[in-house]
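If you want the building blocks of each chain, they are given just below.
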Amino acid sequence: AQTVTQSQPEMSVQEAETVTLSCTYDTSESNYYLFWYKQPPSRQMILVIRQEAYKQQNATENRFSVNFQKAAKSFSLKISDSQLGDTAMYFCAFMNPDSNYQLIWGAGTKLIIKP
Amino acid sequence: GAVVSQHPSWVICKSGTSVKIECRSLDFQATTMFWYRQFPKQSLMLMATSNEGSKATYEQGVEKDKFLINHASLTLSTLTVTSAHPEDSSFYICSARDWTSGHQETQYFGPGTRLLVL
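Respectively, the protein sequence lines represent chains C and V.
Under this note's numbering, the letters of the first sequence match residues 5 to 119, in that order.
Under this note's numbering, the letters of the second sequence match residues 1173 to 1290, in that order.
Hints were generated in silico from the structure; no laboratory data involved.
All residues carry an ideal CB built from backbone N, CA and C; glycine is no exception.
Be careful, since some hints might not be right.
Residues from chain V shown here face chain C by an in silico Cβ test under 7 angstroms; the list is partial [as the list claims (entries may be wrong)]:
hint	residue
1	Phe1211
2	Pro1212
3	Leu1216
4	Arg1269
5	Thr1272
6	Ser1273
7	Gly1274
8	Glu1277
Kindly generate the complete structure, drawing on both the sequences and the hints.
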């Protein structure tokens, strides 16, 4: 069975700093997707970034980028120039299309951006 | 694009009553919708997978007679909590896949429904 592990329950950084959130996963599949979702205090889940396992190039979305290490089964999220609005819970998730597109979730990392 | 709505956003009901939560994909068609439950400070727990026109698939431990799911159209799925009890109080979230987009693997989430059973 696939598992997703986020080893940092909580992190805090100063505004404008760069922060990296860790995520590791376990799978024997070769075709899969990885996601980072953000859940701010409103509790609305927002897609931050997605990565297709067959793509070697790391995904980027503006200030958000990932470091995808397929062999190490690692999928970390880097947030550059952090902003107060980045304060949220961040969830890493794994998806195998052959499992009816169900997401396997990590426990989440609470990120606090301090002014 | 890819907006999912949920209604109601907040509901308070008496123990023993039934509550219906609606999940709608507003600007796309969703063959698959998912229902989650989230406890405070925890991750999402998948309750069931709902495919349009067929019966929902429930996760182990989820009572299908208590949490009735209907996915009658490509834009609407409903979750009915029957004979609700205080232990059913929780935050319920739906999500939907946009099967017509180039990112069929991505789930888009509704804003959630807070249920309080007194």
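Against the structure, the hints:
1. Phe1211: With Cβ-Cβ at 12 angstroms, over 7 angstroms, it is violated.
2. Pro1212: violated (10 angstroms)
3. Leu1216: Hint holds; Leu1216 of chain V Cβ to chain C Cβ min 5 angstroms, cut 7 angstroms.
4. Arg1269: Constraint on Arg1269 of chain V satisfied, holds at 6 angstroms.
5. Thr1272: violated (14 angstroms)
6. Ser1273: Since chain C brings no Cβ nearer than about 12 angstroms to Ser1273 of chain V, farther than 7 angstroms, the hint is violated.
7. Gly1274: violated (11 angstroms)
8. Glu1277: holds (5 angstroms)
Going down the numbered hints, you'll see the structure goes against 1, 2, 5, 6 and 7, while the others check out.
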